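Novice: In the order they appear, the protein sequences are chains A and B.
The first sequence runs contiguously to residue 573 in my numbering.
The second sequence runs contiguously to residue 573 in my numbering.
Don't read these hints as lab results, they were simulated from the structure.
Note that the structure is a prediction, hence the values are computed from the model and not measured.
Any given hint might turn out to be false.
Put simply, identical chains are the same to the list, so a pair is met inside one copy or across any two.
Stated by the list, open to error - Okay, derived cross-link-like pairs now, SDA-like style, lysine to any residue, Cα gap no bigger than 25 angstroms in a straight line:
| hint | residue 1 | residue 2 |
| --- | --- | --- |
| 1 | Lys236 | Ser336 |
| 2 | Lys489 | Arg540 |
| 3 | Lys489 | Pro541 |
| 4 | Lys211 | Arg241 |
| 5 | Lys236 | Gly222 |
| 6 | Lys236 | Trp140 |
| 7 | Lys236 | Pro226 |
| 8 | Lys236 | Asp224 |
| 9 | Lys116 | Arg429 |
| 10 | Lys489 | Pro536 |
| 11 | Lys116 | Ala329 |
Here's the letter readout for the chains.
Protein chains: 2
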Amino acid sequence: MVQLEQEGVARRIIAAIKAQIHNGTYQPGDRLPSSRAFAAEWGASRTTVTAAYNQLDAEGYLIIRQGARAIVAPGLERVSGEVPVTTGSPRNLSAFARRLLTLPSPTEQRPAKVADFRYGDLSGADFPVLAWRRASNKAILNRAARLRYGDPQGSFVLRNALQAYLWRARGINCTPDQIVIVNGSQQGLDLCARLLLDPGDPFIIENPGYVLARHAFVAAGGIAVPVAVDADGLRADSLPPARLAYVTPSHQFPLGGVLSATRRRALLAWATASGAYIVEDDYDGEYRHDISPIPPLQALDADSVIYVGTMSKTLSPTLRLGYLVVPASLRRPFSEAKRLTDRHAPMLEQDVLAELLASGAYERHVRSIRRRNTERRQVLLQALADHFGSKAVVEGADTGLHLVVWMKGTAAEQEDAIIAAARSAGIGLYPVSPLYQPTGPRPREAGFILGYAGLDTEALRRGVAVLAALLAEHR
Amino acid sequence: MVQLEQEGVARRIIAAIKAQIHNGTYQPGDRLPSSRAFAAEWGASRTTVTAAYNQLDAEGYLIIRQGARAIVAPGLERVSGEVPVTTGSPRNLSAFARRLLTLPSPTEQRPAKVADFRYGDLSGADFPVLAWRRASNKAILNRAARLRYGDPQGSFVLRNALQAYLWRARGINCTPDQIVIVNGSQQGLDLCARLLLDPGDPFIIENPGYVLARHAFVAAGGIAVPVAVDADGLRADSLPPARLAYVTPSHQFPLGGVLSATRRRALLAWATASGAYIVEDDYDGEYRHDISPIPPLQALDADSVIYVGTMSKTLSPTLRLGYLVVPASLRRPFSEAKRLTDRHAPMLEQDVLAELLASGAYERHVRSIRRRNTERRQVLLQALADHFGSKAVVEGADTGLHLVVWMKGTAAEQEDAIIAAARSAGIGLYPVSPLYQPTGPRPREAGFILGYAGLDTEALRRGVAVLAALLAEHR
Numbered sequence: 099m100v101q102l103e104q105e106g107v108a109r110r111i112i113a114a115i116k117a118q119i120h121n122g123t124y125q126p127g128d129r130l131p132s133s134r135a136f137a138a139e140w141g142a143s144r145t146t147v148t149a150a151y152n153q154l155d156a157e158g159y160l161i162i163r164q165g166a167r168a169i170v171a172p173g174l175e176r177v178s179g180e181v182p183v184t185t186g187s188p189r190n191l192s193a194f195a196r197r198l199l200t201l202p203s204p205t206e207q208r209p210a211k212v213a214d215f216r217y218g219d220l221s222g223a224d225f226p227v228l229a230w231r232r233a234s235n236k237a238i239l240n241r242a243a244r245l246r247y248g249d250p251q252g253s254f255v256l257r258n259a260l261q262a263y264l265w266r267a268r269g270i271n272c273t274p275d276q277i278v279i280v281n282g283s284q285q286g287l288d289l290c291a292r293l294l295l296d297p298g299d300p301f302i303i304e305n306p307g308y309v310l311a312r313h314a315f316v317a318a319g320g321i322a323v324p325v326a327v328d329a330d331g332l333r334a335d336s337l338p339p340a341r342l343a344y345v346t347p348s349h350q351f352p353l354g355g356v357l358s359a360t361r362r363r364a365l366l367a368w369a370t371a372s373g374a375y376i377v378e379d380d381y382d383g384e385y386r387h388d389i390s391p392i393p394p395l396q397a398l399d400a401d402s403v404i405y406v407g408t409m410s411k412t413l414s415p416t417l418r419l420g421y422l423v424v425p426a427s428l429r430r431p432f433s434e435a436k437r438l439t440d441r442h443a444p445m446l447e448q449d450v451l452a453e454l455l456a457s458g459a460y461e462r463h464v465r466s467i468r469r470r471n472t473e474r475r476q477v478l479l480q481a482l483a484d485h486f487g488s489k490a491v492v493e494g495a496d497t498g499l500h501l502v503v504w505m506k507g508t509a510a511e512q513e514d515a516i517i518a519a520a521r522s523a524g525i526g527l528y529p530v531s532p533l534y535q536p537t538g539p540r541p542r543e544a545g546f547i548l549g550y551a552g553l554d555t556e557a558l559r560r561g562v563a564v565l566a567a568l569l570a571e572h573r
Numbered sequence: 099m100v101q102l103e104q105e106g107v108a109r110r111i112i113a114a115i116k117a118q119i120h121n122g123t124y125q126p127g128d129r130l131p132s133s134r135a136f137a138a139e140w141g142a143s144r145t146t147v148t149a150a151y152n153q154l155d156a157e158g159y160l161i162i163r164q165g166a167r168a169i170v171a172p173g174l175e176r177v178s179g180e181v182p183v184t185t186g187s188p189r190n191l192s193a194f195a196r197r198l199l200t201l202p203s204p205t206e207q208r209p210a211k212v213a214d215f216r217y218g219d220l221s222g223a224d225f226p227v228l229a230w231r232r233a234s235n236k237a238i239l240n241r242a243a244r245l246r247y248g249d250p251q252g253s254f255v256l257r258n259a260l261q262a263y264l265w266r267a268r269g270i271n272c273t274p275d276q277i278v279i280v281n282g283s284q285q286g287l288d289l290c291a292r293l294l295l296d297p298g299d300p301f302i303i304e305n306p307g308y309v310l311a312r313h314a315f316v317a318a319g320g321i322a323v324p325v326a327v328d329a330d331g332l333r334a335d336s337l338p339p340a341r342l343a344y345v346t347p348s349h350q351f352p353l354g355g356v357l358s359a360t361r362r363r364a365l366l367a368w369a370t371a372s373g374a375y376i377v378e379d380d381y382d383g384e385y386r387h388d389i390s391p392i393p394p395l396q397a398l399d400a401d402s403v404i405y406v407g408t409m410s411k412t413l414s415p416t417l418r419l420g421y422l423v424v425p426a427s428l429r430r431p432f433s434e435a436k437r438l439t440d441r442h443a444p445m446l447e448q449d450v451l452a453e454l455l456a457s458g459a460y461e462r463h464v465r466s467i468r469r470r471n472t473e474r475r476q477v478l479l480q481a482l483a484d485h486f487g488s489k490a491v492v493e494g495a496d497t498g499l500h501l502v503v504w505m506k507g508t509a510a511e512q513e514d515a516i517i518a519a520a521r522s523a524g525i526g527l528y529p530v531s532p533l534y535q536p537t538g539p540r541p542r543e544a545g546f547i548l549g550y551a552g553l554d555t556e557a558l559r560r561g562v563a564v565l566a567a568l569l570a571e572h573r
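Work out the full structure: start from the sequences and follow the hints.
Specialist: Below, the structure written as structure tokens:
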């Protein structure tokens, strides 16, 4: 307590002397009172004053020499003690920053109350709380004796467990050396952009497609070459030259097509011929409702494909856990880039995930959440059929955690009004149209992406019912 | 069990048909046996065969039409079923990747057994296990009803708690809006590099200085302008023009000088005059052993300074938790860059840290670990004095978790041999010399960075004793 009081006094002395230097009372070169004199003046102990002087010396305000009185450091001109309030524009920014600032940023909204169909959300009730806590407590207790920076590619134990899982679950044949643990798939995409694109380089992207992937490549200076998609995925038959292609072959985002075997071959042949890389975003490969998951492109050509996986759809988007499987020849660039970017992914999460994979808890959880989402999908499809009948055309519902619904007879121009009316009625609704290339043609009919993994079946039913009532007014 | 068996049979059927397509037995356009015939041939149920056919249809190998036999998809040319093993060099990489690959990467080693003086390591025994577990379990239980991507700048609750902490502990006056939570300070440096430097732009860096900061700026294309340091930190009196300056004013890394008030002013005046930003890395500001922490540059000029803070020295480097305090005018570029880079920092860690800050557990922990490190430092200094006397000159020990020791009369050329001999004797020893500008002059005497936060006092004493015996041979 006594020490705390002394610290308080010393702090006040320091502030007072600084203020007097700032306002010009003490000038550079001026001598301060001796610590004895100052202590008497302040009614403080000499120890306290000496501590304050030492602190000011360490900060460079004073110069203390043995046996002489402290002087104010030379070169300390009088300045206003006030820190100016800033507004105004920033100083020079990089070309990357300038490109970044031209990209539209998403508007953040609170979840709508009745039913929010935002894609990417999961239900908090689906999180494997017990398994996670058990594994987390174990990881903390088993922490290393020395806490030190780890391998930029991620924990070897996790990569080893993941390699076995990827073989079992996705038919991917790779070594742990080819795996890079990243902070969610977005970091994987950003690393691809930085390592594989220079300003001015063209890249192939699905149209419509995943906006944050396009943004990552555009911010790196890439020039988007949009390529249309249909029920068989990207139209890969006559691709122009490019440095890379970004694809979602298992479940095209957002329209849901599955890239056909023929097109897979055409795409791989194009990559080999043009020396390009394929970035395969397998964002929801775990969710195939009627048939088994489709093997990824990576399994066909491990030299051309960078496979991007994520735990955002199976555990939680808030965890920021994903991984890349890179061609062996890209191991070093990715590893070094990850090191420079942020050293490595957080170890605690990595240890927890490794434990969940090793114990089988992860796969049990995936099976359980897959069942729940199959049920949600069924309920949503039934509700859409009941309320809309042939007025709603559903696309891409075989896999994943979302579907696209086109509103027959409702013009695209109505989308904004419908979304606003839905929001007032407690429904979060998200259009397909912003996922199309900004400068190209867009669909004529209103279309929405309905994500269902964050909603319970009751909310799904109510949401569709409210929507149906609402749309009847906008026809 | 029955279902599992069926899945196994279906998988084998799928593999067999694919193999026959790959090796040319089935040609594009060929008709497959009816599911009934195939089932009889394989002794499988018709349901199983139908499931396999459907899967092959979904993958694009087959085409199934109502009432007709399945055919092999056109365009599937015969290819080798084997995935070629890769070696060889990667395809075209970006300029960023090429710059990155010219930078030396650190050699990873296991911790030395007797005493490893590697800087940056913390002792696992210092981690606040109970407080972390309590906060972590609370955060998991209180998770949101919907798991969704969060604010790219980080949780508002955490930024709010951090803002109050920064004011109390470091005299930083900022709003939560100016704070960006990052995955460790390295990500903060990388974001600065990307947003503030274009290829060819000069940047000021301390010489000697922190290598991974230099690498981040060089990989972005920046040209390093090394500026010498002395006991008062960076020689800021006549800086050349540049886009940014990277400094460690509270405790110059590695030599330990504290930037004097005069130089602080000179540096800030230079930044304002040249339109440059200052990146202030306050990597160990919590550890001031004899006097109070020094207020950061940020407190003097919130418009010019990007303040970089970290939990790597107070909690653990493995957590990957850090933060930036950015000028208000840079909020948007940093926020958007963080979103594109990896969406946001992991929420669970953010919630835990917010709870530790709010409950006071964080500050209690910092006081406790500061005491422990003050004791380690004392023991190390005493051991050095006992064993080396005037033959070892210690620098920069007033603050932080490391000191630099210069070996009087031992030539720098001996460093490698000493390090190798130390490693064989179970001592991890790290030289100062690689932290100097690669092309410039280096010190003539052997100098080492001794990090002590990862060692207990017994290991510190033994480590110095072994070292002394060893150095006696290299003189």
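Novice: Now look at each hint and say whether the structure bears it out.
Specialist: So, going through the hints one by one against the coordinates:
Taking the shortest Cα distances, Lys236 and Ser336 never come within 25 angstroms of each other, neither inside one copy (53 angstroms) nor across copies (54 angstroms). For the identical chains of this complex, Lys489 and Arg540 are intra-copy neighbours only, at 20 angstroms inside a copy versus 77 angstroms across copies, given an alpha-carbon limit of 25 angstroms. For a Cα distance limit of 25 angstroms, the shortest separation of Lys489 from Pro541 inside one copy, 16 angstroms, qualifies, whereas the shortest one across copies, 79 angstroms, does not. Taking CA atoms no more than 25 angstroms apart as the test, Lys211 paired with Arg241 passes between copies only; the shortest distance there is 18 angstroms, against 42 angstroms inside one copy.
Proximity of Lys236 to Gly222 under the C-alpha cut-off of 25 angstroms is found in both arrangements, the shortest distances being 23 angstroms within a copy and 14 angstroms between copies. Proximity of Lys236 to Trp140 under the C-alpha cut-off of 25 angstroms is found in neither arrangement, the shortest distances being 55 angstroms within a copy and 48 angstroms between copies. Taking the closest pair of Cα atoms, Lys236 and Pro226 come within 25 angstroms of each other both inside a single copy (16 angstroms) and across two copies (15 angstroms). Taking the shortest alpha-carbon separations for Lys236 and Asp224, both the intra-copy value of 22 angstroms and the inter-copy value of 17 angstroms come in at or below 25 angstroms.
For the identical chains of this complex, Lys116 and Arg429 are neighbours neither inside a copy (53 angstroms) nor across copies (30 angstroms), given an alpha-carbon limit of 25 angstroms. For the identical chains of this complex, Lys489 and Pro536 are neighbours neither inside a copy (27 angstroms) nor across copies (69 angstroms), given an alpha-carbon limit of 25 angstroms. In the homo-oligomer, the alpha carbons of Lys116 and Ala329 lie at most 25 angstroms apart only across protomers (22 angstroms), although the nearest pairing inside one protomer, at 71 angstroms, exceeds that limit.
Hint violations for this structure: numbers 1, 6, 9, 10, all remaining hints satisfied.
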